[in-house]
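*Asks:* Residue numbers (the working numbering), protein chains in the order written: chain A, 1 to 490; chain B, 1001 to 1145.
These are computed hints drawn from the structure, not numbers from a lab. Hints should not be assumed to be uniformly reliable.
Label pairs and their calculated CB-CB ranges [said to hold, decoys possible]:
{"id": "1", "chain 1": "A", "residue 1": "G130", "chain 2": "B", "residue 2": "A1029", "range": "55 to 63 angstroms"}
{"id": "2", "chain 1": "A", "residue 1": "K72", "chain 2": "B", "residue 2": "E1120", "range": "18 to 26 angstroms"}
{"id": "3", "chain 1": "A", "residue 1": "P32", "chain 2": "B", "residue 2": "D1015", "range": "26 to 34 angstroms"}
By construction, the Cβ of each residue, glycine as well, lies at the ideal position given by its N, Cα and C atoms.
This is what each chain is made of:
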Amino acid sequence: MIKVHRSTVIQAPIAAVWAILRDFNGHDRWHPAVARSDLEAGRKTDQVGAVRNFRLESGVRLREQLLSLSDKDYSLRYAIVESDVPLQNYVAEIKLKPVTDGGGTFCSWTSHFTTPKGREDELASLVAEGVYTAGFDAIRERVSASQFSAPSITVRTGTGIDGLAMGIKRYGGPEELQQIDVEAPPPGPGKVRLAQTAIGVNFIDVYCRTGYFKLLTPPGVPGMEAVGTVIDVGSGVRHLSAGQRVGYACLPVGAYATVRTMPAALVFPLPDRIDDATAAAGLLKGMSAEFLLHRVHRVQKGETVLIYAPAGGVGRLLCQWAAYLGATVIGATSSEEKARLARSAGAHHVILPGQKSLEEQVKEITKGRGVDVIYDAVGRDSFAHSIEALAPCGHLISFGQASGDIGAWDIGSLASKSITLSRPNFGHYTDTPEKVQAITKRLFQAIEQRIISIEPERHYKLSDAAEAHRALEGRETTGASILIPDDLYR
Amino acid sequence: MTHVYASSIISAPVDAVWAVVRDYNALPAWHPAIAESRIEEGRPADQVGCVRAFRLKDGGFIREQLLALSDYDFTFTYSILESPMGVQNYVAVMKLSPVTDGNRCFAEWFADFDCAPDREAELTATIGGGVFQGGFDALKSRFGG
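Model the full assembly from the supplied sequences, consistent with the hints where possible.
*Replies:* Okay, structure coming up:
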């Protein structure tokens, strides 16, 4: 009989870790080795006796049965009932315990099994590292991404670096953004600690603050992008070093802070030629524009593109870049002032609300044909008009809902023009260092060659974050806004 | 029945921490609240059934019997025979577990007991905070955090 045991401590409440693990059939959503898992015979995921039938990324198939599940003890046991890998008499137990001293969760994963002679070490290592350790790492990653993270779970060991953040204690209006003391703990494995110099403000931060997006659970700190200097890095971080100028635009949220310890994988070095304010104002929006124009749809010379809110943060970049790519750009906006900005950003035509509907105006410009691609972040108020304004085989890219949820739509109506509909999510285009590197490379080139220009319109002190949110929600802004830590603000 | 549970992470391998806490007669050597201790009837300190009689620094006198000891599970269980605390049917367990992804261990200390209802909160705080967490704090500083 072989015994394999792995244990770790995850800096998250036991309920958060247990919520992931108790879902017996949910492992294909978090475990990197599991490709696809299904429950047999219509059982529930927490039904003792249920069998999960799953396939690993390697192609191996397994069936495992839930033997026991205890919400009281935070433990579950399961056995392999059938497997392509010769793990015989395999019974495993996962058990969680709260760490009352300082917080966090102790996690242990233990199994007993037999194997054919000579394969003991190979299979024990596969189970220990490939399944248990990799599983712990994935859960750690997941809980740190799903609920914010660094400052709120800090254990005050005396080696953390004190800082300030603008966070919320509950969902609500801009006034809920309050100054809080935070501590950036020393970076653990795979983490980096940053002294931040400029922080980007995005509409997604408003959604975090109001609770519309559950990227943040109060108390917590919003913010998706910032620029700063590396203070130190944890073990295993090879692409960054102390003193380096870096930026990021990724989850977990928490950028509205002067110091921050965060996962290092998606943090990247900044080229010298791009200053802090430009990068903080443009990383999230610029990376969005890059994958919207080059990946979600590859905009081609000769295509006609309709862009809503062409004077806004992402909209202006889309106009500039689409025009550079040789597309005919139509902007749809709400005022003469914004129309002027849209034209200066490269829009060949601008549509304003008037006696004629948006689709009628589009048809006039395109001689009745409609547009090939639409970039629509307006949502509820625009969706029906967008469908009408498309040319046959057109592509509607819905990447936001500033006016509200689009609601339920019958996709049958798309058939009248063979419409393609995309609903891209920033996270899926930027979730590996390789993807981020490819996107930022093209973005930095576009900034350097002045294909796009990112100039922050407004600088705010970090402590004035509420004011920045009010301006953004009041549609007062046309460019980007950034927050500067108060002691650096000039 | 009241349940008190405390747990901590100690920055030392489980063997090293076990070597300290396994000695049933060694409380004065590592727990800050204990002044002196002896094992009754001259028994060995790892003989299941032995009784340790010890005095707290605040003067209190306590007798506890070793009910179980496992070098395999890094666990020991004991009951209070006599104490000034006003608890009945008190059984406590201390358990260490290795944390395999680092040179540290997970320590748990928990107890079940009966007491007068109006004293439950106070006793929970004294036992969980003073005795158990106080012991963890001492172990943590002994092993450098």
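*Asks:* Each hint: holds or not?
*Replies:* To see whether the hints hold, each was checked on the structure:
1. Our hint of 55 to 63 angstroms for G130/A and A1029/B is violated, since their Cβ atoms are close to 43 angstroms apart.
2. Against the hinted window of 18 to 26 angstroms, the Cβ-Cβ separation of K72/A and E1120/B comes to about 20 angstroms, which satisfies the hint.
3. About 32 angstroms separates the C-beta atoms of P32/A and D1015/B, a value consistent with the hinted range of 26 to 34 angstroms.
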